[in-house]
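Kindly produce the complete structure, drawing on both the sequences and the hints.
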Amino acid sequence: MEKSAEILPGTLDLLILKAVSLGTQHGYGILIRIGQISGGALNIEQGALYPALFRLERRGFLETEWGSSENNRKAKYYTLTAAGKKRLRSETEGWRRLAAAMKTVLAAGEI
Amino acid sequence: MPVSVRKIVNALRRRDNWEQSLDDELSSHIAMRADDLEKSGLTRREAERRARLELGSRERYKDEVRAAFGIRAVDELSQDVGYALRTLRKDKAFAAVAVLSLALGVGVNTIVFGMLNTVLFKPMPGIVNPQELYFVGTTQFWSVSYPNYRDLRDRNRAFTGMVADRIITAGLSTGGRSEQVWGFLATADYFDVLGVRPLLGRFFTPAEDANGNASQIVVFSYAAWQSRFGGDPQMVGKTVRLNGQPLTVIGVAPPGFRGTELFFVPEFWVPVGMQPQLENVSYLEARAAHNFWVTGRLARGVSHQQAQAELDGLATDLAREYPQINEGFRYQLAPPGLIGYALRGPVETFVSGLTVLAALVLLAACANLASMLAARSSDRFREIALRISIGAGPARVMRQLLTESVVVTVAAGVIGCAMAAVALRWLSEYRLPLPMPTIQFSVDTHADPRVFLFALGASILTGALAGVLPAQQALRTDPNEMMKGAPSIASGRRWAVRDVLVPVQIALCSALVVASLASIRSLTEAFAANLGITLEGATVVAFDPRLAHYAEPEGRALQRRLMDEAARLPGVVATGYADTVPLGLGHSSATVFREDATDFRPSQGTNVTEMIVSPGYFKAIGTRLLSGREYAWSDVRRPDGTRIAIVNETFARRVVGTVNAVGRRFRYGPDADAEIIGLVEEGKFQALTEDPEPALFLPATRVYSSDTVLIVRSRVSETVMANQLQQMISRIDPNLPVGSSTSLAAYIRIAYFPTVVASVLLGVFGVMAAMLAVAGIYGTASYSVSRRIREIGIRMAIGAGPRQVLSFVLGRTSGLVAMGAVLGLMSGVGANRLLASIVYRVSDRDALTVIAAALIMVLVAVLAVCGPARRAVRLDPQQALRHE
Chain A
1 MEKSAEILPG TLDLLILKAV SLGTQHGYGI LIRIGQISGG ALNIEQGALY PALFRLERRG
61 FLETEWGSSE NNRKAKYYTL TAAGKKRLRS ETEGWRRLAA AMKTVLAAGE I
Chain P
112 MPVSVRKIVN ALRRRDNWEQ SLDDELSSHI AMRADDLEKS GLTRREAERR ARLELGSRER
172 YKDEVRAAFG IRAVDELSQD VGYALRTLRK DKAFAAVAVL SLALGVGVNT IVFGMLNTVL
232 FKPMPGIVNP QELYFVGTTQ FWSVSYPNYR DLRDRNRAFT GMVADRIITA GLSTGGRSEQ
292 VWGFLATADY FDVLGVRPLL GRFFTPAEDA NGNASQIVVF SYAAWQSRFG GDPQMVGKTV
352 RLNGQPLTVI GVAPPGFRGT ELFFVPEFWV PVGMQPQLEN VSYLEARAAH NFWVTGRLAR
412 GVSHQQAQAE LDGLATDLAR EYPQINEGFR YQLAPPGLIG YALRGPVETF VSGLTVLAAL
472 VLLAACANLA SMLAARSSDR FREIALRISI GAGPARVMRQ LLTESVVVTV AAGVIGCAMA
532 AVALRWLSEY RLPLPMPTIQ FSVDTHADPR VFLFALGASI LTGALAGVLP AQQALRTDPN
592 EMMKGAPSIA SGRRWAVRDV LVPVQIALCS ALVVASLASI RSLTEAFAAN LGITLEGATV
652 VAFDPRLAHY AEPEGRALQR RLMDEAARLP GVVATGYADT VPLGLGHSSA TVFREDATDF
712 RPSQGTNVTE MIVSPGYFKA IGTRLLSGRE YAWSDVRRPD GTRIAIVNET FARRVVGTVN
772 AVGRRFRYGP DADAEIIGLV EEGKFQALTE DPEPALFLPA TRVYSSDTVL IVRSRVSETV
832 MANQLQQMIS RIDPNLPVGS STSLAAYIRI AYFPTVVASV LLGVFGVMAA MLAVAGIYGT
892 ASYSVSRRIR EIGIRMAIGA GPRQVLSFVL GRTSGLVAMG AVLGLMSGVG ANRLLASIVY
952 RVSDRDALTV IAAALIMVLV AVLAVCGPAR RAVRLDPQQA LRHE
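Residue numbers (our numbering), protein chains in the order written: chain A, 1 to 111; chain P, 112 to 995.
It cannot be assumed that every hint is accurate.
Claimed, not checked - Okay, derived cross-link-like pairs now, DSSO-like style, lysine-lysine, Cα gap no bigger than 30 Å in a straight line: (1) Lys18/A x Lys173/P; (2) Lys18/A x Lys150/P; (3) Lys173/P x Lys74/A; (4) Lys150/P x Lys76/A; (5) Lys76/A x Lys730/P; (6) Lys85/A x Lys74/A.
Claimed, not checked - According to the in silico footprint, chain P covers these stretches of chain A (three or more CB under 8 Å from chain P): (7) 15-28; (8) 50-59; (9) 68-74.
Keep in mind the hints are simulated off the structure, nothing from the lab. By construction, the Cβ of each residue, glycine as well, lies at the ideal position given by its N, Cα and C atoms.
Pasting the structure below:
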């Protein structure tokens, strides 16, 4: 946990889209999944997740459906829509470019 | 905008839905997290507690989701409005005074805007593309003679069509009765150029215009068709009689269509070619008879300036071709509806004067509200400070405070709007006190959406304006300072706003009071002015033999016979008749020249009012004969062919050069002379406010006019006399419609109309201003007292008497009020200069008016301060000291 990084503004949506792209999941599951994939480095504040999910659903990137969890809990499941897939691709591309550019810039400072 | 509105509405509709859904989802989250925590060894209860804690406040997420939906603003607004309503309910006196004084302001402004709307913006009903229409008239008369119209129409290229019309009256015979009706003579292309479609039948065809080629046809207005013919669906093709002429009804105009004039409601239209038959005299070839109104439809792509330039050229041509008549004429374009600028000028002056007054009232009400709000917001410093310190942003607090003032003004706007709608409807139905009761002169001032929009806009703007200063003032406070406790004596800057507002408001009110007093004084003077006629004891009856198809010789005989019969009625002292009476309507004018004149162009002569009067007229109407004699029945011409004339003093002075004018001569033209046989006193002819006018009285024994006003001077009351005269006429000829039978005073009431209207309006404004002043001063004074209750207690406890208390509490208020009043009285004196043009004999330095106004303001101030002052003096020091 000590190696956790802060989530940059604007990256939460991308993380959520990525997590959902790996398979239909409920909110809590998305939280766990992001934690697992990042090896615990990225820690999302639990509550911040839900407004973000709402936003993405409203913009048509996610579809929802109520279902039952593995523990037989009622849960709202999120699936990526076609628009969501397209969004994920373009955001991933954008993030890669930004990361590469950041890396180059920061490398220039190292002697 | 509509899209996002729909989004918000949908969001609001779905909100229960999503709130429930979010709740469920968060519950499910907590349950699953608790499951996981339970696995790590916690008890279920502990696990759920931890899960809830980790998630944090549900309300916050809801809020964020709400923001994402875009409905937070709506929520906050409804919160603000609710809060504003609660605080207003707590302070009912404030709310009532604020709402009512503003309602007054908004109402008055809306009424005035309604008038402005009618004159400037409202489209004329039934007319296609009314914005292309222009009134075309000479700058002298605004009306154009038919031959000049014909030349303008045929020679211009700027207009796609040019029509002429003329108000005409006729006797309409239906079912054995004859009634006087009013309508238009119109050119054949009239309906086509205006773009009006008939409701029934058809309108005129080009062949039906033409001079002399009179087609016996008539079109009725929708209202006439309904009221006079019961909406008969078989109307087209029927025959009606106008002045005894059988005319075929060819069509009915659509509802609402009333031609191009705003004030006149015609009942019928007949082709111009019918003019000679209906009026017994032909104007169609009379180039000097300027009595048609011309309206043109400007061609697409032709500018106002281009059209004006072309008209200027045509005017020059016409002046060259007919110099005796057209010299000096210039044709000008004007918006249609009010006879060029003949009526539009005075109407626009009047309405813009009203606009200024109304704006002043609104401004005073606005200042009133602002100062009341400022007082309230300084009471609420602590509350505002509290709100800021618990995290409300300045914008949020500002919005809250503004909402309150906007709530007040919108409530006021609704009341004001209702007030205006009622007043405007009443105005629409108002009939001018015209001497011809059968003519329909009215203006459709009904409120339309534009008027309501204006009221809404005006009230919201006022609310924002009144709210913004106090709100800003409130926001300048430092929350920390305020939380520690507001100082009980307000200090420094935050009084600045009120220090300005109170005098400004009082100044506005004083100015209005001065103006209204001046106008009331002028009204009394107007009624006392010498008219040159004696109203008391005079009764008139108006008729027109032509309406019962009398030709000239029979008409003359009828006039003489009715006059003689009237003289035999009991109590009658004198009788006479004329074509009209002074201050009546429809005066003719003529141009006359000095005896030694050689240049007979119109610009070289003197324009005089011309009346046709019978023998005995001056005695009957009560105009003093200064020298010479009245006409006798034997008077026609001098043996040498010279005409004879009676003139008034101003005529004598201007045309003859001396008041010893009897026996002297003047000329009508190169070969027409007249000798003056009598001189009468000065009088008013068109308006009470006019300067002495030269007047020429022609003998009815020589000149015939079928327009007849019989004047009877009697010892019996005018009402009785009027009845007797009416009975006498129906005994002699039951088919002769009687236009009016009433006292002379009532007959010329229209002359007093502008003065009465101006005075009444200014009086109303004055009362309103005084009311606003009372509200404003009362608000300031009572605030000042309530603010300082504890201090008053202290002062009283250490021995201050009532006098000291009063001067301490109200001294500042009185100072501010006095300052405002002085300022206002001064500006009122300035305003009177402007009023002098509308209202009769306003003197701009009328000391009495200013003193009276000052007294009224003092009275108003005392009245307003009375309550708060009593409260201050009667305070119980014990209680006052405990007051927080």
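query: Which of the listed hints are not met by the structure?
result: Violated: hint 5 alone.
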